[in-house]
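The listed protein sequences correspond, in order, to chains A and B.
According to the working numbering, the first sequence is numbered sequentially starting from 21.
According to the working numbering, the second sequence is numbered sequentially starting from 32.
These aren't lab readings, by the way, just hints derived from the structure by calculation.
Among the hints, a few may not be true.
[Claimed, not checked] Sample of chain A residues facing chain B (criterion: CB under 8 Å; computed from the structure):
#, residue
1, A55
2, R56
3, R66
4, F169
5, A172
6, L174
7, P181
8, L186
Since this is a predicted model, take the numbers as computed values, not measurements.
Beta carbons are placed, not taken as given, at the ideal position from N, Cα and C, and that holds for glycine.
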Amino acid sequence: MDEARSAVRAARRSDLHALTDLRLHFLGEAAHADARLRLMPDARDRTEHALPVWMGQADRVLLVGLDPAHDPQGPGADNAAPVAYAMGLLGAVPPVLAAQHVGEILEVHVDPAHRGKGLGDALVAILGEALIGRGAQVLRAAVPSTHEFARARLERAGFAPLQLELERSLDAG
Amino acid sequence: MAATFASWLQDPARLVVVAEEGGRMVVGFAAGVVLQGNGWQIPARLGRITDAYVARPRRRLGIARRLAGRLLDLLYEKGVGTVRLAAAVQNEGALAFWQSMGWSDLETVLERAVPVEGRDPEA
Numbered sequence: 021m022d023e024a025r026s027a028v029r030a031a032r033r034s035d036l037h038a039l040t041d042l043r044l045h046f047l048g049e050a051a052h053a054d055a056r057l058r059l060m061p062d063a064r065d066r067t068e069h070a071l072p073v074w075m076g077q078a079d080r081v082l083l084v085g086l087d088p089a090h091d092p093q094g095p096g097a098d099n100a101a102p103v104a105y106a107m108g109l110l111g112a113v114p115p116v117l118a119a120q121h122v123g124e125i126l127e128v129h130v131d132p133a134h135r136g137k138g139l140g141d142a143l144v145a146i147l148g149e150a151l152i153g154r155g156a157q158v159l160r161a162a163v164p165s166t167h168e169f170a171r172a173r174l175e176r177a178g179f180a181p182l183q184l185e186l187e188r189s190l191d192a193g
Numbered sequence: 032m033a034a035t036f037a038s039w040l041q042d043p044a045r046l047v048v049v050a051e052e053g054g055r056m057v058v059g060f061a062a063g064v065v066l067q068g069n070g071w072q073i074p075a076r077l078g079r080i081t082d083a084y085v086a087r088p089r090r091r092l093g094i095a096r097r098l099a100g101r102l103l104d105l106l107y108e109k110g111v112g113t114v115r116l117a118a119a120v121q122n123e124g125a126l127a128f129w130q131s132m133g134w135s136d137l138e139t140v141l142e143r144a145v146p147v148e149g150r151d152p153e154a
């Protein structure tokens with residue numbers, strides 16, 4: 021875990037191209053597992069426009085993970101392309117009952133070729149710490165119900181199921 | 032709470048339906064909202080049921096089913112093709128109700144409490 025933690029850093033402008041590819045892969049995996057999470061046709065354009073904005077928002081945390089096998093202090097480390105990322109957001113919900121600062125873990129993705137090295141666990145841990153540092157009173161994360169690995173990763177980090185998000189199509193009658 | 036309801040009634044994206052008894056007493060209500068998609072994964076017009084409640088003495092009379100059905104009709108009239116809602120994992124009755132009306136699991140929301148000493152005191 022220590023090696024993986026040292027491979028995680030805040031996202032930079034120079035990561036934008038790799039981040040776009042990683043995010044499209046993340047969304048594509050969810051769509052592949054559940055057709056209801058299909059991508060919209062302009063998902064790439066929207067992501068390319070959104071990422072630079074998100075990077076500048078104080079209530080949003082965007083982290084990247086590098087290959088833990090590479091020395092983070094070694095030559096070329098500054099130019100190493102991210103192989104994983106995580107994004108979180110600090111929000112205030114619910115509006116009707118007691119206001120609560122919720123740290124939302126929105127997205128965590130590790131390139132398939134770099135799984136099993138602890139990067140996902142390290143990203144969840146560091147993202148949680150960053151959101152708590154910004155004032156989160158509770159952490160929440162939504163994962164596709166078909167993604168057992170994502171749920172297991174969160175449960176290893178101390179998360180427990182709270183709600184189910186249900187969906188129904190009206191077009192089907 | 033009254034102010035919240037009042038703002039919902041003024042908001043064209045919001046829908047509120049009530050169940051009346053004898054034309055005088057409201058014994059249940061359901062509320063929904065039409066949301067815009069995020070451009071990458073959520074339908075362009077997504078319906079969300081935010082509230083559904085029936086007074087305890089009037090439960091098991093089919094009121095919730097009629098409220099939900101009316102709300103879905105109104106969402107459909109607003110061009111919504113997909114409707115989502117959240118239900119607590121411990122609320123087995125609610126989950127069974129919505130599943131019996133055609134809803135199925137999409138995502139699981141997990142939570143982790145934050146110890147008070149871990150928080151930013153300035154936040």
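We went through each hint and held it up to the structure:
Hint status for A55(A): violated, given a least beta-carbon distance of 11 Å to chain B, over 8 Å. Restraint check, R56(A) versus chain B: the minimum CB separation of about 6 Å is within 8 Å; hint holds. Annotation: interface hint on R66(A) holds; nearest CB of chain B at approximately 4 Å, less than 8 Å. Taking 8 Å as the C-beta cut-off, the interface hint given for F169(A) is violated, the closest approach to chain B being about 13 Å.
The closest approach between the C-beta of A172(A) and any C-beta of chain B is roughly 11 Å, which is over the 8 Å cut-off, so the hint fails. Interface hint status for L174(A): upheld, as the beta-carbon distance to the closest one in chain B is roughly 5 Å, under 8 Å. Taking 8 Å as the C-beta cut-off, the interface hint given for P181(A) holds, the closest approach to chain B being about 5 Å. At about 4 Å, the closest approach between the beta carbon of L186(A) and any beta carbon in chain B falls short of 8 Å, and the interface hint on this residue holds.
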